[in-house]
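**Q** Put together the whole structure using the sequences plus the hints.
Protein chains in written order, with this note's numbering: chain Z, 1 to 512; chain F, 1 to 331.
None of these hints come from the bench; they were simulated from the model.
Be careful, since some hints might not be right.
No farther apart than 25 angstroms at their CA atoms in a straight line, the calculated lysine-lysine pairs in the DSS-like style are these [said to hold, decoys possible]:
id : chain 1 : residue 1 : chain 2 : residue 2
1  : Z       : K114      : F       : K196
2  : Z       : K448      : Z       : K402
3  : F       : K245      : Z       : K114
4  : Z       : K203      : Z       : K55
5  : Z       : K295      : Z       : K448
6  : Z       : K72       : Z       : K203
Because the structure is a prediction, the values reported are computed rather than measured.
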Amino acid sequence: MSDTTLIPTPVLRLSGITKVYPGVVALEGVDLAIYPNEVVGLIGENGAGKSTLMKVLVGYVQPDSGRLETAKDGPVFLSGPASAIEHGIGMVFQEGALIPNLSVLDNLFLCHEKTFERFGFLSHRTMRRIAREQIRLAQIDVDVDSLVQDLSLANRQMVEVARLLWLSSIYGHPNPVLILDEPTAILSDTEVDTLFAILRSIKHRASVVLISHRLSEVVENSDRIVILKDGRNVAEMPAGSAKISEIEQLMVGHEVSADRYLEEHQHEPQEVEVLRVEELRVEGQFEPLDFSLRKGEIVGLIGLIGSGKEAVRDCLTGIRRADGGHIFLEGLKVSPANPHQSIRLGIGHVPIERRSQGLATGMSVQDNINLLVLKSLRRGGLLTRRAGRRNAQRWVERCRIKTPSLDVLSGTLSGGNQQKVVIAKWIGANTRFLILDHPTRGVDVGAKEEIYHLIRDLSLEGIGMLIMCDTLEEDIGLSHRILLMKEGRLIKEMAAAPNAKPTPSDIIKFIV
Amino acid sequence: MDGAAGPTRLQSSMKRIARTGVLGQIVALSLVALAFAIGTGGRFLQWTNIQVMLNIAGVPAILALGLHQVIVLGAIDLSAEGVMAFVIVFVGMLAKNTLNSNDVGLWILPIAVAIGAVSGLCNGLVVTRLKLPSFITTLGMSWILYGLAVYINKAAGIPLTDARIPDFLAGNTAGLPNIFLIALALTILVQILQKKTRLGTYIFAIGGDEHLAGQTGIGIRRTKTTVFIIAGALYGLAAVFLASKLGRAHPRSGLGNLFPTITAVAVGGVSLTGGIGSAVNALLGACIITALNDGLILMRIDPYIQQAVNGIVLIAAVALTIDRKKLGFIK
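**A** Printed below as a string of C-alpha cells:
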C-alpha cells in the first residue's frame with residue numbers, strides 16, 4: 001500500500017461516531033477510514049459494536065454524534081440504505097436484501113429503474129442486456145430471469161454485490177464501499193473460496209469492509225485490520241503483519257478483576273449429580289457428546305455461532321428432539337420432547353430473547369412469577385388471590401426484584417429486574433437444572449451484578465446451571481467448569497476454580 | 001456469443017412461460033368444461049351458451065382485475081360492494097333517468113370511474129396514514145359507502161333510459177360479447193402495468209417482502225395508495241356496467257359480488273399471501289367461477305348447493321395457492 005508516494009485520500013471517513021442505546025453505549029468515538037481499493041477486516045467480540053457501526057455506515061442507525069464524510073460528497077447524512085448507496089456505500093446483509101419472488105433482473109435494478117424507462121414503460125431488452133453484463137462482471141453463473149428464491153445463498157449474495165456495484169456506478173462512484181456482514185457464515189467451503197476470489201477480482205473498482213468471526217479468514221483476505229472492543233477502536237494493523245494470537249489478545253482486552261463475578265462466593269458444588277448427558281447427538285449439528293453437572297454447579301458452554309451449542313441447549317429445553325443419546329435428571333432417564341415436558345421435569349430455561357420468549361410483558365409481575373405453578377395455587381379447583389400474592393411476594397423478596405408493586409406490568413420494569421422475574425418464575429417452580437442463555441444481555445452494569453448475586457445464591461441452594469454468556473469473561477468468571485465446543489464437537493473441558501481461572505485468550509485458541 | 005446465448009434464451013423464455021402460472025388454471029377450466037359438457041349432454045359447450053357465459057363473466061372479471069392487485073400487494077380489499085352501491089347511486093342521479101332531468105350521456109363512464117377511484121383513495125389513505133390493517137379499513141369503508149348510498153337513494157331502483165351503454169354491452173364483436181372484450185382489453189392493460197412499469201415491479205416487491213422493499217427505497221405508502229385507487233376505479237367501472245345491464249340504478253344490485261370476486265382471484269392462482277399472480281390469473285379465475293356456476297345452473301343443481309360448492313372451491317383454491325412459509329423463509 002505504501003509503494004506510492006502520495007498518501008491516498010480515504011473514500012469514506014468516519015470520525016468520533018458515538019451511539020448510545022438505553023443502558024448501553026454501543027459506540028464511543030469510533031474512527032474508521034476506508035481507502036480506495038482495499039479490503040478492511042473489522043474484528044471484535046460479540047457486543048464490541050461491529051454491527052452498530054455497520055448500521056451507521058448504511059444509514060440504518062443515525063449516530064448520536066460524529067461525522068461521516070465521503071471523498072466525493074463531503075459530510076453526508078444517511079437516512080437509510082437507499083440514501084447510502086447514492087453516496088457509494090452499500091451493504092450485503094447477512095439475511096439477504098433481495099426480494100425472493102422477483103427475478104434477478106428485477107432485483108438488480110429495483111427502485112432505480114428510471115434509466116430504463118421510456119414513455120413510462122420499462123425496456124426489458126435493455127435491462128436484460130445490462131443485467132447480463134453486470135452478472136458477467138461479477139462472475140456469477142445465474143440466469144437473469146430466474147427468481148431469487150431459486151438461487152443458492154452464495155449466488156444471492158453475489159447478485160447483491162452486483163446490484164451494489166451497478167448502483168454506485170450509476171450514481172458516479174468509481175470506488176464504492178461494500179460492506180459484507182459475516183458473508184461466509186451461510187456458505188459451504190467451496191462457496192467461501194469463490195466468494196473471496198470474486199472479492200479480490202472486484203477490488204480494482206471497490207473497497208470492501210469484511211466482518212467475520214473467523215479470524216484466519218479475515219487475516220488472509222484483508223489488507224488492513226481494525227479491531228473494536230466495547231464500542232471503541234483498540235487497534236489497527238496491516239493484515240500482512242498481523243498475528244492471530246495478538247489479535248485475540250486485543251479483542252478480549254486486558255484481564256478483568258476477579259471480584260467482578262463474585263468469585264469469593266464461588267463455593268464447591270455438591271457431590272450429587274443433577275444432570276448427565278450421554279451420547280447426545282443431532283445430525284448435522286453436533287456429534288455424540290457426554291457431560292454431567294453436579295448440584296449447585298455452574299458450567300459455561302462456550303463456542304462460536306455454528307459450533308453446535310445452540311442445538312445442545314435446544315435438546316435440553318425440549319425445543320428440539322435429539323437424534324440419539326440420553327439425558328438423565330437426578331439419575332432418572334428423561335427425554336424432553338417439548339418445552340412443556342421439560343418444565344414438568346424441572347428443567348428451566350431463561351432464554352436469550354427475554355421480551356419475546358421469557359417474559360409475558362403485558363402481564364403483571366405476580367402473574368409472571370406464578371405462571372408455572374398455577375396448579376399449586378388452587379384452592380378447591382379455583383385460583384385464589386391470596387395464595388397467588390403470597391407466592392409472588394416470597395419470590396420478589398428472595399430474588400430482590402425491585403418493583404413498585406406486584407401488579408405492575410412486568411414489561412415496565414428495568415431489564416435487570418425483568419430478568420430476575422424470569423429467574424424467579426423458574427426457581428419458584430421447583431426447577432433443579434436451569435439453562436441461562438445470555439442472562440445479562442441488555443442489562444446495565446449495576447443490574448448485572450445483582451444477577452450474578454442471584455446466580456451465586458441459586459448455586460448455593462443446589463441448582464445446577466448451564467450458562468451461555470455475552471462475553472468470555474462472564475462465562476469464565478461465573479463458571480465452576482467450562483465446556484468448549486467447536487464445529488459440532490465437545491473439544492475440551494476446563495476447570496475454573498476461583499483464583500485459577502483460565503484467561504479468555506486460553507479459550508479463544510481452542511474455539512476459533 | 002450468439003450461439004452460446006441461444007439455448008439460454010430459449011430456456012429462459014420457456015421458464016418465463018412456466019412462471020406465468022396460468023397452466024393450472026387452463027387445466028382447471030378445461031376440466032370444468034369437460035365435466036359439464038358431459039353432465040349437460042353437450043349443451044354447456046354450445047356457442048350460444050359460451051357467449052352467455054362470457055357476457056356474464058365481464059363484470060366479475062373487471063372486479064377481479066381490481067381486487068387481485070391489492071392481494072398481490074399482500075393486502076385485501078373488501079370494499080367492492082360498498083363502492084359499487086355508492087357509484088350506482090350517482091349513476092342513477094346523473095345518467096338519463098326517469099326521476100330527474102339530468103343527462104350526462106357517456107360522461108357517466110369517467111364519472112363512475114372517478115367516484116370509484118376516490119373511494120379507493122380513501123381506503124389507501126386510511127391504510128397507509130392511519131396504519132390500519134386493510135382488512136378492517138376496507139370492510140368499514142364498504143359499510144360506510146353502502147350506508148350512505150342507501151340513505152341518499154332511499155333504496156329505490158331508478159330506471160335508466162339511455163340505451164347506448166346497455167346496447168353496446170349486449171352486442172357482439174366478431175362473435176364475442178363486447179363486455180367481455182372490454183374486460184379482455186383491461187386485462188392486457190393491467191398486465192402491461194404489472195410487467196412493464198416501475199409501479200408494477202414495486203407492487204410485486206411489496207407483496208414479496210414489504211420490509212426489504214422499503215429498505216431499497218420504494219415508496220411503500222404511495223404504491224399502496226395507488227393500487228387501492230386503481231382497484232376502486234375498476235369497481236366503479238364494473239358498477240356502471242352492472243347498472244346499465246340491469247337498466248336501473250339500485251344500490252343493492254352490487255351486493256353478492258364480493259364473494260365471487262375473491263373466489264375468482266384465488267381460483268385464478270393469485271396467492272393470498274401476496275407477491276404472486278397477475279391480471280391474466282384474475283381473468284381466468286373469473287371465467288372459471290362463471291363457468292362453474294353456469295354449469296351448475298344448467299344441471300339444475302339447487303342454488304344453495306351451488307353456494308356451498310363455491311365455498312368449497314374458495315377454500316380449496318386458497319389451500320393450493322397460499323404460501324404457508326411466508327412468515328419464515330420463502331422457498
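**Q** So, for every hint listed, does it hold in this structure?
**A** Structure-based check of all given hints:
1. Z/K114 to F/K196: holds, 12 angstroms
2. Z/K448 to Z/K402: holds, 14 angstroms
3. F/K245 to Z/K114: violated, 43 angstroms
4. Z/K203 to Z/K55: At roughly 23 angstroms apart (the allowed maximum being 25 angstroms), Z/K55 and Z/K203 satisfy the hint.
5. Z/K295 to Z/K448: holds, 23 angstroms
6. Z/K72 to Z/K203: Satisfied, since the Cα-Cα distance of roughly 19 angstroms is no more than 25 angstroms.
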